[in-house]
Amino acid sequence: MQTIIITTVAITVIGLLVGAGLVFVGNKYKVEVDEREAAVRAELPGNNCGACGYAGCDALAAAVAAGEAPVNGCPVGGGPVAEKVAAIMGVTAGAVEKKAAFVKCKGSCEVTKNHGNYVGIKDCRAAVNAGLSLAECDFGCVGLGSCVSVCPEGAIRVVDGVAVVNEGKCIGCGLCAKACPKHLIEIKPVAKRVAVQCSNRDKGPTVKQVCQAGCIGCMLCVRQCEFGAITVENNLAHVDYDKCTQCGKCAAKCPVKVILPPTEG
Amino acid sequence: MKKTFFGGVHPDDAKALSRDAKLTRFLPKGEMVYPLSQHIGKPARAVVKKGDSVLAGQVIGEADGFVSANVICSCSGKVKAVEKRRSISGALLECVVVENDGQFTSLDADRYCKRRDTSKFTKDDILSAVKAAGIVGLGGAGFPTHVKLGPKNPDAIRYIIANGAECEPYLTGNDHLMREEANAIVEGMQLLVGMFPNATGVICIEENKPEAISAMQKAAAGKKDIEVLPLHTKYPQGGERSLIQAVAGVDFPVTSLPADVGCIVQNVGTVYAIQRAVCFGEPLFTHVLTVTGEGVECPMNLIVPDGTSVAEIIEFAGGFKGGKEPKKVLAGGPMMGFAMSSVDVPVVKTTNGITILANDPAEIAERQMTACLRCGRCTTVCPQGLMPQMMAEAWEAGNEERYEKKLYGLECIQCGSCAYICPAKRPLTQVFKQAKAEIMAKKRAQAAGGKK
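Residue numbers (the numbering used here), protein chains in the order written: chain W, 16 to 280; chain P, 5 to 456.
Errors might be hidden in some of the hints.
Stated by the list, open to error - So the derived list for chain P, only partly shown, Cβ under 7 Å to chain W, looks like this: (1) A366; (2) E370; (3) P431; (4) Q438; (5) A441.
What the hints assert, rightly or not - Below, simulated BS3-like cross-link-like pairs (lysine-lysine); rule was C-alpha separation at most 30 Å, straight line: (6) P:K410 - W:K137; (7) W:K113 - W:K218; (8) P:K409 - W:K137; (9) P:K53 - W:K218; (10) W:K128 - P:K331; (11) P:K440 - W:K193; (12) W:K197 - P:K46; (13) P:K26 - P:K410.
By construction, these hints were calculated from the structure, which means they are not laboratory data.
Virtual Cβ for every residue (Gly too), placed ideally from N, Cα, C.
Same shape as in the complex, but just chain W (with noise of 0.2 Å):
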């Protein structure tokens, strides 16, 4: 009988113990939660694309329950999950501009064209790495699709020898600009249409051999534009698009017809 009364006690001497230890420590060690984490997380789209900048969904709603990150600053679930990431974090979501690829090339069969008769893998990685010069040019599209095959919203094709987006498919993740082996595939907002569909550094005349529809460099844009919104570097323009108001005088006057209009047609 004394037995069953000693160890009783021990062992609930004992448990008391470390309950009281537990208690010590998993307050002096207590992580704090946010719930608010777990609510933004739930709400993004979970396709761990990286187009935020972060690594995955799960680190940028960390960021964003921190307040490092905004809260719209998911550009694939655009709109709708902006505002809902919004209330969870009880402030209002600034309108998010949407963003899409797009692919600075205009190189069609039309105006360019292949050579070197390629075989072997069809994949523009690949047909680089063989060493040919397949285009004319050597900065243009390849068209052998490999932003096609990297795409997860099929928004990209090769139409006609270049790759083209459907801006409304596209979800702006950047997979197909870090396939493309000439680095032709830029992750711009949707709204400013007005842009340099070339990426050929040359000078006009060896632009003018290998492409009718290549930029020249020739600096009209430049001279058009009211706002700075234009640069010419290394024989090639580029369009600012924080500066540009789609006002389209360089698109109207380039020779080339290389600038995007504002408008369709």
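Go by the hints and put chain P onto chain W.
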């Protein structure tokens, strides 16, 4: 049984086209273009400018750093420009363009014909002569020879191997060089063997070149440290690793160098260039080149100056057969060579052949391509003992780690045996080339990022 290596294939060698054509010296008339990067390593630095007069044998590009090589002018004339030009590999490279006056006036008064006294030459004299001459590995890779000849531990070198295997189908240039310059090659070998106290020289020749074997044996008769070793005819017998396996009986990973297992392999063309550089002071500005294939009128073995336009060489060989544009023009042979997108490019030190194909085997293969049959033939022929079908599968599935760590994909020497033997006509070698390029690019980026 002749010595050889594990694996390999037996493609039709097609050497009959040019095997009876004697070496002919070709002097081009057109402008000459010298890319400053004709070797592995840092491009040379141009030391001439527009308007300068240059002579044959003059250094126009100076080696920039240790792993780099001089670029030598092969004609006389005026420098027209130093600009970006399309090279034989299709890339745009910085080149020195020289307007050729057709005289080929030499920098050396004796036109590199006067023999120097080499009896007192030390190891360093030979090395500096090789370096000054801008000699690079003429087998195709173009690794600067002076770097290869300066291993960390010279006493450990057991074999100097002269590579006269010429296993690449179609090419016969080295065959003829060995037939006609056997004595010079043996002398070059003696110079090299003399640099290493414990080394013996082995001249390896595939047994499909009986004339070359007998010529070399005759030249090497009585030279106790030089041996001529006929090898089994099999592709890629002339690969550095295959040769070492045949001669020294050792297999070693790609991460270590031949010098680590006591071997130095030099192409016979390189050995000949070394002999010319040391004994006559002649820099490397001409080399042996085979222009061959079913699509050319008159297949030939030529000695061409570097910088000659490929178009001019083809014209000299009678032009395209029947005046018809061929299906494919290759720089090199059909196994290791690469297709060219234009013939208006200059040949460089390492261009040992121009093969003009009337039919394009790659195009035919593409039409017949099917899914992998899992027959395993690629595994049996791989000279590196790899499993090509699994490597391709891993890479195509995006499993880079498995490709590199489990299947040892980077050990691939890209000889093309697997793609050659594949009954399903899968473009295996191209997959491995791409994989290597992308993995190495990633590693370089990581290394550069680590330094910052």
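Going through the hints against the structure:
no. : hint            : in the structure
1   : A366            : holds, 4 Å
2   : E370            : holds, 5 Å
3   : P431            : holds, 5 Å
4   : Q438            : holds, 5 Å
5   : A441            : holds, 5 Å
6   : P:K410 - W:K137 : holds, 26 Å
7   : W:K113 - W:K218 : violated, 34 Å
8   : P:K409 - W:K137 : holds, 26 Å
9   : P:K53 - W:K218  : holds, 22 Å
10  : W:K128 - P:K331 : holds, 18 Å
11  : P:K440 - W:K193 : holds, 18 Å
12  : W:K197 - P:K46  : holds, 24 Å
13  : P:K26 - P:K410  : violated, 49 Å
In the structure shown, a violation is registered for the earlier hints numbered 7 and 13, in ascending order.
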